[in-house]
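Student: Based on the hints, put chains B and C in the right spot on chain A.
Protein chains in written order, with the UniProt record's numbering: chain A, 1 to 725; chain B, 1 to 326; chain C, 1 to 463.
Hints should not be assumed to be uniformly reliable.
Claimed, not checked - Far from chain C, some chain A residues (derived; all Cβ distances over 12 Å): (1) Ala33; (2) Ala153; (3) Glu170; (4) Pro305; (5) Pro323; (6) Arg403; (7) Glu446; (8) Trp537; (9) Arg539; (10) Lys540; (11) Ala553; (12) Arg632.
What the hints assert, rightly or not - Derived, one-sided and incomplete: chain C residues facing chain B with beta-carbon distance under 7 Å: (13) Trp288; (14) Ser298; (15) Leu385; (16) Ala395; (17) Val437; (18) Leu444.
These aren't lab readings, by the way, just hints derived from the structure by calculation. Note that the Cβ used here is the ideal one computed from N, Cα and C, for glycine as well.
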Amino acid sequence: MGQTNSYRRALLLLALAALSCNARAEWNNPYPAAEEGKNILYTAFRERPKHLDPARAYSSNEYDFIAQIYEPPFQYHYLKRPYALAPLTAVALPRPAYLDTQSRRLPPDAPPAAVAYSVYEIRIRPGIYYQPHPAFARDAAGKLLYHALDERALAGKYAIADFPRTGTRELVAADYVYQIKRLAHPKLHSPILSVMGEYIVGMKDYAATLTRAYADVAGGREDGVYLDLARYPLAGAEAVDRYTYRVKIRGVYPQIRYWMAMPFFAPMPPEAERFFSQPGMQARNLTLDWYPVGTGAYMLTVNDPNRRMVLERNPNYHDEFYPRAGEPADAGRGLLADAGKRLPLIDKVVFSREKEGIPYWNKFLQGYYDRSAVLTESFDQAVRLTGSGDTDVTESMKQKGIRLLTSVAASTYYLGFNMLDPVVGGYGERARKLRQAVSIAIDYEEQISIFRNGRGIAAQGPLPPGIFGYEDGCAGSNPHVYDCVRGVPRRKPIEFARRLLSEAGYPDGRDARTGAPLTLYFETAATGPEEKARLDWMRKQLQKLNVQLEVRATDYNRFQEKMRKGDAQLFEWGWNADYPDPENFLFLLYGPNRKVGADGENAANYDNPEFNRLFERMKNMENGPERLAIIRRMLDVARRDAPWAWGVHPKLFTLEHAWVLNAKPNNMANNTLKYLRLEPAPRARDRAAWNRPVLWPVAAVLLLLAAGAAPAVIAYRRRERTVRR
Amino acid sequence: MIAYIVRRLLHAVPILVGVNLITFALFFFVNSPDDMARIHLGVKRVTPEAIAKWKEDRGFNRPLFYNAAAAGADKVADTIFFRHSVRLFAGDFGRSEDGRDIRREIFQRMWPSVAIALPTFAVGILVYITFAMLLAFFRGTYLDAWGVVACVGMMSVSTLFYVIGGQYLVSKLWHLVPISGYDAGGLHALKFLALPVIVGVVSGVGSSTRLYRSFFLEEIGKDYVRTARAKGLSEPRVLFRHVLGNALIPILTGVVVVIPLLFVGSLIMESFFGIPGLGSYTIDAITSQDFFVVRAMVFLGAVLYIVGLILTDISYSLADPRVRLE
Amino acid sequence: MPFQLVFLWTDVLIYVLLAAVIGFGLYAARHEHLRAPWRLVARRPLAAAAAVVLAAYAAVGLLDSFHFHARLAGGDGRYSAEVRSLLDVLAAPLRARTEKTYSAPFATHAYTKETVEHPDGRVAREYPRLEHGGAHLEDPGGRAADIAARAALATLAGLGLWAVAVAGLVALRRRRGETPASVWRRFARGEDEIPWRTLLVTLGVVLVLAANAVGLSFYYHVFGTDQVGQDVFYRSLKSVRTGLVIGTLTTLVMLPFALLFGIAAGYFRGWVDNIIQYFYTTLNSIPWVLLVAASILSLQVYMANNPEAFNTTAERADMRLLFLCLIMGVTSWTGLCRLLRGETFKLREGDYVQAARALGASHGAIMARHLLPNVMHIVLITVVLDFSSLVLAEAVLSYVGVGVDPTMESWGNMINGARLEMAREPMVWWSLTAAFVFMFGLVLAANLFADAVRDAFDPRLRK
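Isolated chain A, as found in the complex (with noise of 0.2 Å):
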């Protein structure tokens, strides 16, 4: 017996030495110590960026990291709203000069008709270096250090930091040309060729004839190619003098400075793409889509897209302060401190893949994160709703100091009715009253509570708010869908739909000429077990119509496949602006742009006369009331139609810990890490506050361990006892 009693203390002792030691360090940190208390921001991406090429990438992940290190020449203004453009390497924002079909200037007021091209000529400013990169080294003569690689020399390299030299050059003109050019290569497929081909004279030509010249110079190989662009011309696109270049666009398009603020403008040095066509860099994972060379605030030093990525300092970042001023709240919120300092503010960024929700929230609310998205699920935790509808943290969360912006993003989530479909499509009385009544039966509100928990708002419209031509309240809601009660829109009760379907021949859900129940075919990319709860709920929404709704939920492309062919009869898609120009949303319902036949973006298929004349005149107009006027019309003709049930306009909630500051959302500027703020020191103190290990289980778990022993033992010896008897 007296064997066990010792066992059981020297356990005793082991769990209490457990608890004492150290017990005031965090044990849960995710990161090395040696990066505590220094002013590195932590955040985390969720799905692995694809492409990191300025003229591939179109997504917000891969945005995240690249509008960071790449400058195009405008940048949308940090703290104004609505949206504004100011230069960002340019000295400022262009105006373009009109030609017409012989090349002669026509006045900046001739009619768009008469306007054959219009030219940009921006201006950047002298001054601007690359971040050290290997492709721009030069040996003591002057020459290019690694631009004869052989496979001896690159040995045992497999990431940029492996190359010990770097060096720098000053950006010119040239670059942002050769990006423009870059858009046609044959090998890149960036996603804007066919959108640029349209409008950028001589796109459509140049793209043949680099395909063609691509094939002559490969000559079969696969490896190791490098198109020197510079010896084609591009009509569209050219250097005027070391820091000026022009691009000429067919007809009017304003739209196109929104495009030339997107990272597919920004300025390519060729050094860097030739550095990287070398033979053998390519099986060694060294490409231009994986490393970014530019003249932005940071620079990517490491490049795990399974783990982590690290952006740094760009320490040859140019002069670029923080803005002085903004909209009038913005001082009294502190975004104002900063006014006039050198960005960035921040050395490094550290990015950790986190795919699941639940560790991402956890480590947030460890303060491991410094800011987080919301998810749904912990919503409850995070924000309460004040009782005027807007949002706050709750109190766990403001005892922590954490802080909620929020904001309307420029996207919209709707259900479409495919207008080619013979029971919901059609532009006859019987069909739209079907339509909208099925755009009443559907409560977006009630889905924005339970499934958004109020993260957003319920569309009246193509246009969310922040977008020219969204009106807000009563003045700007959907007679069709909502009642106007106290100056506030309603939704229209469920018997007015009722009413509705019978009169489009369905009265309580059946077909009144034959008697057949009225079925609906929903179609879905929505394929997961998570997303079960939202179909379930869709049905239950036509259920109070009496209506049958079959979910057909397929993969994505699948459903792409569907929508190309106008197989679908009700689907739920999304938009996200590229810009923010109502054109950009409109466009989604013009005719000419339509899925079936056309493979535009307009999935409904949605084709009115009156509506696609008012799309073409409003087009191309400043904002103004001209332009209201029509938007206005244009919105009735499409809100008595209903070719959408309007859905949603999901709001954006970010949640910082109180060490994080000068954060403003901003849904369209995209390098906004060089503006923000960081405080170390309480970021240290509160983490330690919070990660506290509890260490009684672990001693309960060895304490029962040893009382699981016991009888162990005990019986052990009782049987040895009988065996020696």
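Tutor: For chains B and C alone, kept in the frame of chain A given last:
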């Protein structure tokens, strides 16, 4: 022995061709090259010309298995299947859709997988054998009976519950280890590994302990054990000296087949705990429908499985001289 | 007719399975060599208890396997497009009593605060009363007493039912000249060959639990409600069928292949054996999750391309379930096939096979008459052992996103949804708990039962 291994490896070739054929057929039935193009060109503003160009660029404009338009051997050779299969056998997995070399990626992601799977495997075997020995030692007593019931209970719980519960208690409530993630090197890495390994071991306790216990009991029932006991050896000595060694043979030969597969990692553990290993690589590839990665992983899995089978046969022949490799 | 029967694919297979089980039971009852091992199984108290629990699950699953379209009101003979099952009808109150969103088990108030407009125009954020859960209570404060009273009543009802069952059994088992009291004593002391005491106690527990669940679920949500306000208890009941179908039909569909190929490979050896071995090694070397994923995705493609073949959501979900069974059968088929091949290898050298061959029996006859009956115990053991692992596998597949249809109730889908609920504060634990309890009950019972079957049938263990 060497001749045997070489012959087995040669036998593997038709199997791998078959595996490849199945993967191809299934994947291309799901995903036409058009679908792949659409996925990889992104969501917005994709035109049919862009898709056609992408397919041509990747060589997906060829027929799948049989090219009627070509002449002679090219009828088979100038097809998607042939062009993409031959290289696999040379260890060239090609590149994934985001342009990364798959072989390098596999080499990189193998280590996190091993870092989780190997300790789970090794610690697991030790723990299970210990428990099984305990139960076998107390066979016929209430300890054994309840132990077996506990085992059955534990194996009736889905792995998902172990993971969810472990994360909730250990990481969320008690702040003992990071809830997920991975870092290479040193003590710092240990705190990421602790929870997945513990959860992995615990979730296997029920079934393995019960299985190993039956191995022990079978051994204990044999004549030589009775003889040993009759010689007057104490029970522990009998267990350790005779039974353990002999019962280890079925245990070890049974697990040899999974050893090579440890490199491929565990899909569930890796995605729950955010381990950047091959398991999560596979899941990512399924969700993003990256055909080349899926195919490479299937191929790798098949190769390792076959290696495992060969190892099993060899270990049988080592354990039991009566079994000859023929 | 007030309804129009619908035969889903899995329904038909379940009927086939049921018929086969009953047929086998009747056959086995008449043949002593088959009866003996089953008697061994029945003698094990744990196995008997497990059998009662399994029977309860099977009853729920069977009730959920009779599908029909209900007739629409209006009298023109049209039927609703919706497919219902017998269970749906029995549990209609549960299905209809949906709340707006989450509520805890036995709650009277919602889980989340809502903006409520009071009659006096005051607007406040508060927890609203539930529409159905505890709605009969004037004062929610009296909830505990109400629950206790109703539970006591339900327990009494359950005990009453149990008493009826006991009385029936006693009458049935009474030997000539025995008083009921002595039969009862015989049961209670466990003097019979069959452990009636355990059986009856288990039956009693099951009945009382069921009575409580039924009695209380009319007034409360015993397992709470989920995100869209559906009763979690109802969802768990609906999941029973999915679990059973996966566990049983998977082995049913793979059985013919495994038997044919396994026995043929072992009997003919040579090139037949080589081909079959090649076939299953190839299939085996593909990681099974990938195989399942690819197959399920293929099915989705097929269904997307042929929407007219699947009219209702139920049919599509059913097709996917069947396909899942098929593909899991293909992957688990190889293990049994290898076992059978090995066993046949040994058996074909046996005297009686040699004798039959010498007498000129055809290959088919030898395989069917002499080999098949002698490997059936392996089949049986594999089937019962596989059952629980298949039920567990369903949950994992749902997690990977290639499990049963998202519109179908299953424990895997419930667990998956619940993972996100765990992060809520206060935690939504009831869906996870319900899935755990129901799943654990089934798998535990199946495992215990399988153990007994293996012990009874495995000749190695029998000695």
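Student: Which of the numbered hints are not met once you compare them with the structure shown?
Tutor: Hints 7, 8, 9, 10, 11, 13, 15 and 17 not satisfied by this model.
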